[in-house]
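K.L.:
Chain by chain, the residues:
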Amino acid sequence: MKRFLARWWGPCLLLLVWQVGVQASGVNQIVMPHPMAVLMDMASNPLVYGRAAAGTLLVAVPGLTAGLAMGGMLALLCQFSAVMEYLLTPLAMMLSSIPVVAIIPVLSRLFGYHMTTLIIIVAIICFLPAFVYMHAGLRSVPAGSLDVFSVFGAGARARLLLLRLPASVPSCMTALRIAAPTAILASLTAEYLMQTGGLGALFRITTAEFRSERAFGCSLVAMVLSVCCFFLALHAERAVTRRWR
Amino acid sequence: AETPSLPVVRLKLGWIANVQYAGEWIALDRGFFRDQGLDVTWTAGGPNAPDPAVMLAAGRADLSYMSWLPFLDAVARGNDLVILGTEMPRNPLGVISLPAHPVRVPRDLLGLRILAQGVNETTSINAVLAIAGLPRQWTFVPAGFAPDPLLDGQGDAFVGFDTNQKLTLEMMGLKQDRDFIFTNFADLGFVTPAALLVTTRAYLTQNRPRVVAFLRALIQGWTFNETDPAVAARLVVEKYGEDYGFDLDQQILQNRSQIPFTHYRGMPSRPLLSLDRDMMAGPMYAAARAAGRTALPDIDRIADFTVVPEAFKGI
Amino acid sequence: MKYVTHFRAAITAAVGFAVILVLWQVIGSAKLLGPTFPPLSSVIASLTVPYRRHLYIRAGLATLSTAAWGYGIGQAGGLAAALFGHLLPFSRAGLDRLASVIHAIPMIALGPLFMAVLSPVWAGTAIAAIGVFFVSYIAGCTAIESAAPTHRDLFQIFGASPLRRLWLLDVPSALPALVTGLRQAVPVAFLGTILGEWFGSAHGLGLLILSAMENFQIALLWSTVILCCGLSLIIFVLLGYVERIVGRHYR
Amino acid sequence: MQRVPAIELSHVSKTFQLNDGRSILALDDISLAIREGEFVALLGPSGCGKSTILRLIAALDTPGAGQIRVEGVAPAELSRAHRLGVAFQDAALLPWLSIAANISLPFRLAGHPVDQARVDDLIRRVGLADFAHARPGQLSGGMRQRAAIARALVLSPEVLLLDEPFGALDAVTRRSMNLELMRLWSTQQITTLLITHDVAEALFLADRIIVLRPRPGRIAHEVDVPFPRPRDATIMRTEQFHFMADTLTNMLADGFDEQA
Amino acid sequence: MQRVPAIELSHVSKTFQLNDGRSILALDDISLAIREGEFVALLGPSGCGKSTILRLIAALDTPGAGQIRVEGVAPAELSRAHRLGVAFQDAALLPWLSIAANISLPFRLAGHPVDQARVDDLIRRVGLADFAHARPGQLSGGMRQRAAIARALVLSPEVLLLDEPFGALDAVTRRSMNLELMRLWSTQQITTLLITHDVAEALFLADRIIVLRPRPGRIAHEVDVPFPRPRDATIMRTEQFHFMADTLTNMLADGFDEQA
Ligand SMILES: Nc1ncnc2c1ncn2[C@@H]1O[C@H](COP(=O)(O)OP(=O)(O)OP(=O)(O)O)[C@@H](O)[C@H]1O
Ligand SMILES: Nc1ncnc2c1ncn2[C@@H]1O[C@H](COP(=O)(O)OP(=O)(O)OP(=O)(O)O)[C@@H](O)[C@H]1O
Ligand SMILES: Cc1ncc(C[n+]2csc(CCO)c2C)c(N)n1
Ligand SMILES: [Mg+2]
Ligand SMILES: [Mg+2]
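Protein chains in written order, with the numbering used here: chain E, 5 to 249; chain H, 950 to 1264; chain X, 2 to 252; chain L, 293 to 552; chain S, 293 to 552.
For reference, chain E alone in the conformation it holds in the complex (with noise of 0.2 angstroms):
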């Protein structure tokens, strides 16, 4: 309980802030719901939040993986190709300056409102963090390897598969634990924008009828999942980095 508290004492403190401010306050609950009161209706309907869960997972999980690999496959492509590495690499600088959730109604515009956006949209999001960090990892190759392998007389095959490959494992893990949260959040937020299906939609449904606790219990759910996420792909990140080291 003492190492929990030790631990978690700021998410807590919120939680307290939270209460104490809306009871205080006396204000309506449509400004702002009692944290007890979004506690039980997440308790008592575990099936509706359960669905819209789902229905993120359901956008943010393919959004996450199309991005991560497509970001890979680009990165790789680089390697291969100066023409695609001249092409690639401003466009991520331009992307990583870029707040890409602000260009959501672009996107939504030029790609219909249909799910698929929605996967486009959070891919777009992750590709950035797994193009950058998967390019630096192929070429954080260690050091005097490369050497070794041109005096061994590895083809490119060879310094592709055993050397670049492995070598950006970690990078790929760094760039997981930057996505993953990140792919919640973002699933979150398009569904809002286009309300189509999940968390976001609900919320949005929810809040123009005024109940704000399930708006909030949504939110909640998202930020358990984007937290769950942040510290599963940590520890994951930590476990192969040892291996790596």
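Hints are computed from structural coordinates only; laboratory data are not their basis.
Glycine included, each C-beta is placed from N, C-alpha and C at the ideal position.
DEER-style ranges, computed between Cβ atoms:
hint : chain 1 : residue 1 : chain 2 : residue 2 : range
1    : E       : F8        : L       : A426      : 47 to 55 angstroms
2    : X       : L24       : H       : T1088     : 34 to 42 angstroms
3    : X       : L22       : S       : T354      : 34 to 42 angstroms
4    : E       : R11       : L       : R507      : 37 to 45 angstroms
Following the hints, complete the assembly by docking chains H, X, L and S with the ligands onto the known chain E.
P.N.:
Then chains H, X, L and S with the ligands, alone, in the frame of chain E:
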């Protein structure tokens, strides 16, 4: 420039600061509010903005524009709100359909893929079907504000405004009844006003003269608007809504086309902004019940029909 | 040689940009991605029409000032929290988790809430500040711990007081990582601001994006997005230079 | 043994906990006394605990058992009083300060006004006069190490600890650095403990050589160096020098269990 | 000079472009021939171009002028034919592979089936049998370097290039590694070029020692090593060994311009 002593009235708009609030812009610009001894400030709404009821509940606004069903929901959640009047007694919302699947009567909706923006639109469709005693047999296709997915064939019908999306189509060169069909929700049996002017009971009791004064200036503004639709449009584009990047012609067109909706059909004598008790007691309550709202509050608990006539008298 | 390398890198980046722009123009004019993907030329035309210049300037300045406030507040908070965790190590584990939880609060939930309890201007600022806070806290934590262990030993051997150590070792060693954090927080500040502006602000680029989308003003939509990305990119690149200079100095 | 040793370790042991739960006895019952003004060299194979001894004396670590007194007080007192000078294997200069600022850093850390004359003198004596305003990044490894030694000496410490300060240098540069250190030391005769891998270096510089054996770290031999001071490079080519070097090398290999 | 040298450099020069626009003549007109089966050591102060020579022979770099032939063909041919073995100063093992997998890597790079018996034999001979399945991160520096040497030898190369493979080791571990290398080499007599800073190491292992002088890198001296093979550690304590070591040290210091 304002005299600091004037009491402040904070108005929360239900939508972005466009020509839909023509009366307000004119009253602000011409000093009608000031003449009534008020310093009126406003905040805009928008597609993602919190509902005006939330702003009232949070104490960040004194008056606001709301829609009928959200109003009932907010009251059901323990907010003591009062309707003072309506900016648009006739709702411009309707269904745009293509000649292939024209929507003229409720039954035409059955089996269609309908493009709609949000809760307000989908509830309207469901209410139409409920009132007509039809099953909810239609597919919701999420859409943005612009009607072009309809033309792309992503849906069979689009829920939009007479004063907006219909105009967009016409500006694209399409002709009503030849290239598309527009049917107002009122003609489908779902009758609600578009923008209700709402305040809290507490505010009304404590500041009744202020509310009356506000409405008086507002009526003057709307009356002035009918003399030249371009004035308010220009005010929006150049002053109050300058940061939205509006198109002046579009705003003029929208203003001109919205003026009929500020009057009751067939009742030219009804003062601007007044709420008709019979419409409320009849079609509006029926619509609420059809939309699944039960245990509706008593009409006099949620509406005050005396403020607008009192304001009108002073002009 | 160094200048030659920089020059070459700049040239290749420029060529890459040029190719992307040409591709955009071609795809846009051929309508390969439909009517909502306009050619570059029409976006530029919309970006340069004289009657919109004031609109863009006003909106850009509004967004910039909101973002700047959020950036400043977020950086100050994040760095203060990092320093707090550094000086009181027992609070670190809790602060880390607090930061990651705060970072996971959906912006779409914060938007309406802040709009109701703060004001339209401060809602954007607050959302931006929260995003920046996280980036800056993480960067700050890494930065303040980046002094080399041998340097720490050295300061202990020479009997440096904690305050002298902070000022003469921890802070200078932290600078490169701090500047990296400063740079990475720029898009976050813009993102928070734009998102905040979507929840009912009457000013700014975010509002313009939304309003253009609602009114099917495709060229305006794209040119606003370009403007927003351009602003972010410029600051990002400038801070990249600062990062390089600081990195050269302090590493 | 002397009556008032400058550095005294009595029955010092040190155990390290490894990540995998095992523990390592790095030092086992080490007793050692160094006279004031004496130059002692510590020889021993990798991992025998040389750096650990030095870190204990510098109060960078605490012994598991036993006692350490430096100038009659606890080691931490000495660094708190700014009376300790240390140079590590890597120069550990602050990259953002000029060479001169790095060398005067101990003054600032001690809260004393910078004695510019002393700093300039040391810079000149380690042959870095032309580089006083250069940054460490612009200097070669050997130059950086000279700066680190100047920094260790700048406060005129009473105890000087050197952990392989010439470790990564080639043989020739190393010898010239040895000569310079000899010259610097002979003017002040600070109590000095030098860790090295290089038998010739130890013989050339030290009054006494202590050979450690590993696992657990224990003192294996102590050898007094008979060469009279002042010494110069010619002694390194004498018969006796070669003989002693061979003896020491054998002592090192002795009990050296073909380890990693 | 021999009739068919295994490695032959004729009038090789190499210039490097520095960042600030200046250029450095790293090697100036180097001619050098190494017999088949000969063990040659390359001595010289830091920066004299030793590594550059090795990299040119390994086809990791190309000469600015002159010609290099290895076994009568261009150097790149040799590595492409998987007939070259190299160990660098840092072991350069792949951290994610076990020691056994690292040592068998050249088989996989050559596209040959892994000769497990050969790998196991080499692992045993460098004393890593207990660590075959450990990863490099769990080994000490010396163990890693032994693995790198085993890797260099695993394909039974015709030419072996060693760039200070024992650079960072202490004197004792270094000697025992020297002995092991000697044992390994004597069974195969591969043409070997060893770069080192350590005069004794060069004398102990090589048939011939080449001393380079820096700026520009030129051959300063060539010394034949007279000790008969097989050699063991005792020769290091002979009069002749000490004498030759002193001579070579003088040669190194010769023309050594008190550099950093
Ligand atoms: N912080 C530590 N944690 C665990 N083990 C340690 C630690 N520091 C030293 N050791 C162990 O203690 C032993 C002695 O280490 P020490 O660094 O004193 O050796 P050394 O004689 O200085 O060796 P070298 O010549 O390689 O520098 C080694 O076996 C080492 O693994
Ligand atoms: N890639 C390079 N770019 C520029 N200069 C280089 C490069 N490689 C080597 N040099 C220069 O060439 C000269 C010879 O370098 P080399 O690495 O061959 O020396 P070395 O004899 O191996 O020295 P050490 O004993 O320190 O390893 C040095 O002055 C070095 O600065
Ligand atoms: C898609 C869409 N949703 C809501 C509104 C706001 N609104 C509610 S009633 C009304 C009257 C029409 O002029 C308006 C505009 C809108 N404008 N467009
Ligand atoms: Mg050590
Ligand atoms: Mg070298």
